[in-house]
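All letters in the sequence shown, in the order written, are residues 1 to 154 by my numbering.
There may be inaccurate statements among the hints.
To be verified - Subject to a maximum C-alpha distance of 16 Å in a straight line, what follows is the list of computed EDC-like cross-link-like pairs (lysine to aspartate or glutamate):
{"id": "1", "residue 1": "Lys38", "residue 2": "Asp80"}
{"id": "2", "residue 1": "Lys95", "residue 2": "Glu53"}
{"id": "3", "residue 1": "Lys95", "residue 2": "Asp52"}
{"id": "4", "residue 1": "Lys38", "residue 2": "Glu122"}
{"id": "5", "residue 1": "Lys95", "residue 2": "Glu122"}
{"id": "6", "residue 1": "Lys112", "residue 2": "Asp29"}
{"id": "7", "residue 1": "Lys89", "residue 2": "Glu61"}
{"id": "8", "residue 1": "Lys95", "residue 2": "Glu84"}
{"id": "9", "residue 1": "Lys95", "residue 2": "Glu61"}
{"id": "10", "residue 1": "Lys112", "residue 2": "Asp30"}
{"id": "11", "residue 1": "Lys89", "residue 2": "Glu53"}
{"id": "12", "residue 1": "Lys89", "residue 2": "Asp30"}
{"id": "13", "residue 1": "Lys132", "residue 2": "Glu122"}
Said to hold, decoys possible - Derived Cβ-Cβ restraints for the label pairs, each shown as a range:
{"id": "14", "residue 1": "Gly71", "residue 2": "Ala20", "range": "22 to 30 Å"}
{"id": "15", "residue 1": "Phe86", "residue 2": "Glu128", "range": "37 to 45 Å"}
{"id": "16", "residue 1": "Ala141", "residue 2": "Asp88", "range": "23 to 31 Å"}
{"id": "17", "residue 1": "Glu84", "residue 2": "Glu146", "range": "30 to 38 Å"}
{"id": "18", "residue 1": "Val116", "residue 2": "Arg92", "range": "36 to 44 Å"}
{"id": "19", "residue 1": "Gly71", "residue 2": "Leu143", "range": "19 to 27 Å"}
{"id": "20", "residue 1": "Asp11", "residue 2": "Arg134", "range": "22 to 30 Å"}
{"id": "21", "residue 1": "Asn144", "residue 2": "Ser115", "range": "27 to 35 Å"}
{"id": "22", "residue 1": "Ala15", "residue 2": "Ala105", "range": "17 to 25 Å"}
{"id": "23", "residue 1": "Glu53", "residue 2": "Thr16", "range": "19 to 27 Å"}
{"id": "24", "residue 1": "Leu67", "residue 2": "Ala20", "range": "24 to 32 Å"}
Please keep in mind that the hints were generated in silico from the structure rather than gathered at the bench.
In this text, a Cβ means the ideal position worked out from N, Cα and C, and glycines have one as well.
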Amino acid sequence: MTEARKPGFSDCNNATLRRAARSLGRFYDDALAPSGLKSTQFGLIFQIHISDEPAMGTIAEAMIMDLSALGHTLKPLIRDGYVETFADKDDRRVKRVRLTPQGQAKLDEALKLWSVAQREFEDKVGAEQAAKLRAALDAVADLNLEMPTAAPSN
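The task is simple: from the sequences and hints, build the whole structure.
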């Protein structure tokens, strides 16, 4: 292991988290490649699947994404026929999203590949450590990390 790759290489929480996220993202992208989905797309169709025809804003909030990023990620899924959007029956201004039958089939295919990757990761780090990692990352995601407004300097 080179000096630059040793644990604790950076004292910056953000840099360390992003480094780990890139590594893990690449691992899951490679695992999901036979399905044609990226890990971000898999996460999105899974979130849609476990929700009940969620509103776009609800999905964006759950995934901590802004609506434009969500729209960007949804475009290829809509184009490929995996996801469809539709107006809410009670408020036509609200756009909802759901999996199509092709989307459900794609999710089923990808879940098998994801399960293999998940087991591989847990074999390497241990199931208990992986669960603790997910819990710690969920706790970080739930923090209110907005910076306070700086007072004007005179």
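Hint by hint, here is what the structure shows:
Of the pairs offered as hints, the one joining Lys38 and Asp80 holds, with about 13 Å between alpha carbons and a cut-off of 16 Å not exceeded. Distance hint between Lys95 and Glu53 is fulfilled; the C-alpha atoms sit about 10 Å from each other, no more than 16 Å. Restraint check: the Cα-Cα separation between Lys95 and Asp52 comes to about 13 Å, which is no more than 16 Å; the hinted pair holds. For the hint linking Lys38 to Glu122, the alpha-carbon distance of about 20 Å lies beyond 16 Å, and the restraint is violated.
A hinted pair counts as satisfied when its Cα atoms are at most 16 Å apart, and Lys95 with Glu122 does not qualify at roughly 37 Å. With a C-alpha separation of about 14 Å, the suggested pair Lys112 and Asp29 falls inside the 16 Å cut-off, and the hint holds. Between the alpha carbons of Lys89 and Glu61 the distance comes to roughly 21 Å, so the proposed pair goes past 16 Å and is violated. Distance restraint check for Lys95 and Glu84: the Cα-Cα separation of roughly 10 Å lies within the 16 Å cut-off, and the hinted pair is therefore satisfied.
Taking the CA atoms of Lys95 and Glu61, the gap is about 14 Å. The hint holds against a cut of 16 Å. Among the hinted pairs, Lys112 with Asp30 is consistent with the structure: their alpha-carbon atoms are about 13 Å apart, no more than 16 Å. Simply put, Lys89 and Glu53 have alpha-carbon atoms about 11 Å apart, close enough for the 16 Å limit, and the pair holds. Between Lys89 and Asp30 the alpha-carbon distance is near 39 Å, which puts this suggested pair outside the 16 Å criterion.
Of the pairs offered as hints, the one joining Lys132 and Glu122 holds, with about 11 Å between alpha carbons and a cut-off of 16 Å not exceeded. Between Gly71 and Ala20 the beta carbons are some 27 Å apart, a value that agrees with the proposed interval 22 to 30 Å. At roughly 42 Å, the beta carbons of Phe86 and Glu128 sit within the given window of 37 to 45 Å. The beta-carbon spacing between Ala141 and Asp88, approximately 27 Å, falls within the hinted interval of 23 to 31 Å.
At about 34 Å, the beta-carbon gap between Glu84 and Glu146 stays in the expected band of 30 to 38 Å. For Val116 paired with Arg92, a C-beta distance near 42 Å keeps the hint of 36 to 44 Å intact. Here the CB-CB span from Gly71 to Leu143 is close to 26 Å, well matched to the stated 19 to 27 Å. Against the hinted window of 22 to 30 Å, the Cβ-Cβ separation of Asp11 and Arg134 comes to about 23 Å, which satisfies the hint.
Taking 27 to 35 Å as the suggested C-beta distance range, the pair Asn144 and Ser115 conforms, at roughly 34 Å. About 39 Å separates the C-beta atoms of Ala15 and Ala105, a value inconsistent with the hinted range of 17 to 25 Å. About 37 Å separates the C-beta atoms of Glu53 and Thr16, a value inconsistent with the hinted range of 19 to 27 Å. For Leu67 paired with Ala20, a C-beta distance near 27 Å keeps the hint of 24 to 32 Å intact.
Taken one by one, the earlier hints fail for this structure at numbers 4, 5, 7, 12, 22 and 23, listed in ascending order.
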